[in-house]
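Start from chain A and add chain B according to the hints.
Read off the chains here:
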Amino acid sequence: MFLKALLVALWVTWGLIDEQTFQFQTTRPIITGPVVGLILGDVKTGLLVGATVELMFLAVVFVGTAVPPDPTLSSAIATAFAILTGKGADIAVATALPVALIGQVVTTLQYTVVNVFFLHRGDKYAAEGNLRGLTLMNTLPLLMNFIFYGLPAFLAVYYGPTFVKPYIDMIPAKIIQGLAAGGGMIGAVGFALLLKSIKALYLWPYFAIGFIASAYLKINILGIGLLAITAAALHSHFMGSQKYVESPRM
Amino acid sequence: MTDERSAERLTRKDLWSIFFRQIFIRSALNFERHQAMGFANAMIPVIRKYYKTPKERAEVLKRHMELFLTQPMVSAIPIGIAAAMEERYATKKDIDPESINAVKTALMGPLAALGDSLINGTARPILAGFAAALAMQGSIIGPIIFLIGMTIITLGIRYYGVFKGYEQGVRMVADLQKSGLIAKLTELAGVAALVVIGGFIPQVVNVKTVVAYKAGDTVIKLQETLDGLMPGVLPLGITLIMYYLMTRKKVSAVTLMFLLMVLGVIGVYLNILG
Chain A
1 MFLKALLVAL
11 WVTWGLIDEQ
21 TFQFQTTRPI
31 ITGPVVGLIL
41 GDVKTGLLVG
51 ATVELMFLAV
61 VFVGTAVPPD
71 PTLSSAIATA
81 FAILTGKGAD
91 IAVATALPVA
101 LIGQVVTTLQ
111 YTVVNVFFLH
121 RGDKYAAEGN
131 LRGLTLMNTL
141 PLLMNFIFYG
151 LPAFLAVYYG
161 PTFVKPYIDM
171 IPAKIIQGLA
181 AGGGMIGAVG
191 FALLLKSIKA
201 LYLWPYFAIG
211 FIASAYLKIN
221 ILGIGLLAIT
231 AAALHSHFMG
241 SQKYVESPRM
Chain B
1 MTDERSAERL
11 TRKDLWSIFF
21 RQIFIRSALN
31 FERHQAMGFA
41 NAMIPVIRKY
51 YKTPKERAEV
61 LKRHMELFLT
71 QPMVSAIPIG
81 IAAAMEERYA
91 TKKDIDPESI
101 NAVKTALMGP
111 LAALGDSLIN
121 GTARPILAGF
131 AAALAMQGSI
141 IGPIIFLIGM
151 TIITLGIRYY
161 GVFKGYEQGV
171 RMVADLQKSG
181 LIAKLTELAG
191 VAALVVIGGF
201 IPQVVNVKTV
211 VAYKAGDTVI
221 KLQETLDGLM
231 PGVLPLGITL
241 IMYYLMTRKK
251 VSAVTLMFLL
261 MVLGVIGVYL
271 NILG
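For the record, the sequence lines run as chains A and B.
Residues 1 to 250 (my numbering) make up the first sequence, in order.
Residues 1 to 274 (my numbering) make up the second sequence, in order.
The shape of chain A in the complex, shown without the other chains (with noise of 0.2 Å):
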């Protein structure tokens, strides 16, 4: 277990590093999903969990500086507790949410105490013209994640389930059910965040032109995705040349 435990605290590492960096999205609830699960040695859990926690965060978008709830740690503890505590995907999304909560206030902590901290190390090293010194100190704050979520997870997972499955137990079954039940309609809030990041309102039938083709038309979720792309050409096609506005952002 010990191993095991090492092993998804890494892997949390590793994806907070590349959300860092290259950005290649291993991030993510429905990669991590499944990476957990493969370690702890129930792949199709894993599947199901991250799938289950990318659609709660599916398109929750922070513009500009403000940190959103974090994917990485809070989908690894999710899928974790699912498995080892044999309950299953609903115990997941009762998980996620307020594990992703925990992750969003030490991403806070990064950002405004420890990276501003390696900042000012940079303006040293500027101002002796160090080049190397200044490489470091922007590529320090990546291992700090070890010690943010790679450390957390390890504990969730090594000591975890033991501590917290006595009071899971405990907890009625419709509780359980509810917070599902909630866990289902987050995306509801992802979306919305999504909505008031397009500024140009004169936009909103396409907006419906989604819906129907969704909802009437059963068009699945790869369909949509041709049909965004196609609505968009047709877009631009029919605006020819004609001046765009920039919109005011935030």
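Calculated directly from the structure, the hints in this document are not laboratory data.
Be careful, since some hints might not be right.
[Claimed, not checked] Straight-line C-alpha distance at most 35 Å; calculated DSBU-like pairs for lysine-lysine:
1) B:13 with B:55
2) B:221 with A:174
3) A:218 with B:249
4) A:4 with A:174
5) B:208 with A:87
6) A:199 with B:184
7) A:124 with B:92
8) B:249 with A:199
9) B:49 with B:164
10) B:62 with B:49
11) B:178 with A:196
12) B:13 with B:184
13) B:221 with B:208
14) A:124 with B:93
15) B:221 with A:87
16) A:124 with B:49
17) A:124 with B:62
18) A:124 with B:164
19) A:44 with B:221
20) B:62 with B:178
21) B:13 with B:178
Here the structure is a predicted model, which is why all the values come from computation and not from measurement.
Okay, now just chain B, sitting in the frame of chain A:
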């Protein structure tokens, strides 16, 4: 003469080095000056080539330690442009170094809007939604396609940004602003995002009522009635209420998430939700 001049310019090797450093644009992201250190770090290949004394190097580094913040992938464009401008200033001294920061600042906002709507608002939700739909059926193919797709996107944008931005230099800024290209792409991304949001809501937002009532001898299930009139009306309604609370009542997203969880528990206890 020609030899000397070509030796003065940044080589492809230098640009690859900038590309690699661009990936670390937000590795030290902070709330004081955001991606400033990442930007300065990306300029190091240029600095190393043209400036040998610590004093000169410090001057350039200081210039790029000013506040900078945009979407990480598309930040490759201002980085490529800034590299071209720094090269020009170092070799010809015929531009004002202040203008380099002016260009960066001018591009920051529009590029952030474009990057956010293109990546986070369109490409990622489409690919992730598709992957999640496949994963729900127990298939590992979805996540793999998602990963491959996002890898191509993130590396492609960064490569294009650094190399094209350098090649076109300041001209690119003028072109982008004059033709309204950024605004146009942002609007098109908005169109695609709206279709995706509208289309995903009925399939991704999961809410069903179990309310049933008796009319004479037959039991009428409310969900079936709703599906007959307007399928997906509950997910749509909840999303629009969230949107209203968020924009008009300024309720935070996190509060709304908690609210929905509580609502879920209450709904199940009252036998409304299932």
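Would you mind confirming whether the straight-line C-alpha gap from residue 49 of chain B to residue 164 of chain B stays at or under 35 Å?
Holds: residue 49 of chain B and residue 164 of chain B sit about 20 Å apart, inside 35 Å.
Residue 208 of chain B and residue 87 of chain A were given as a pair; does the straight-line alpha-carbon distance stay at or below 35 Å?
holds, 22 Å
Within a Cα-Cα threshold of 35 Å, do residue 221 of chain B and residue 174 of chain A meet the stated pairing?
holds, 21 Å
Checking one constraint from the list: CA of residue 221 of chain B to CA of residue 208 of chain B, max 35 Å. Satisfied?
At roughly 11 Å apart (the allowed maximum being 35 Å), residue 208 of chain B and residue 221 of chain B satisfy the hint.
Mind checking the alpha carbons of residue 221 of chain B and residue 87 of chain A for me, to see if they're no more than 35 Å apart?
holds, 30 Å
Satisfaction of hint between residue 184 of chain B and residue 199 of chain A, Cα-Cα up to 35 Å
Holds, at about 13 Å.
With the threshold set at 35 Å, check whether the alpha-carbon distance from residue 4 of chain A to residue 174 of chain A stays at or below it.
Since the Cα atoms of residue 4 of chain A and residue 174 of chain A sit roughly 32 Å apart, the hinted pair holds (cutoff 35 Å).
What's the verdict on residue 124 of chain A and residue 62 of chain B, does the C-alpha distance respect the 35 Å limit or exceed it?
holds, 10 Å
Quickly compare the C-alpha distance for residue 124 of chain A and residue 93 of chain B to 35 Å and report which way the hint goes.
Given that 35 Å is the threshold and the Cα spacing comes to 27 Å, the pair holds.
Hinted pair residue 124 of chain A and residue 49 of chain B, Cα distance within 35 Å
holds, 22 Å
Keeping to a limit of 35 Å between CA atoms, is the pair of residue 218 of chain A and residue 249 of chain B held or broken?
Distance ~33 Å between residue 218 of chain A and residue 249 of chain B Cα, so the pair holds.
Is the hinted pair residue 178 of chain B and residue 196 of chain A satisfied, with a Cα-Cα distance of at most 35 Å?
The given pair, whose Cα atoms are some 27 Å apart, holds under the 35 Å limit.
When each numbered hint is compared with the structure, no violation occurs for any of them.
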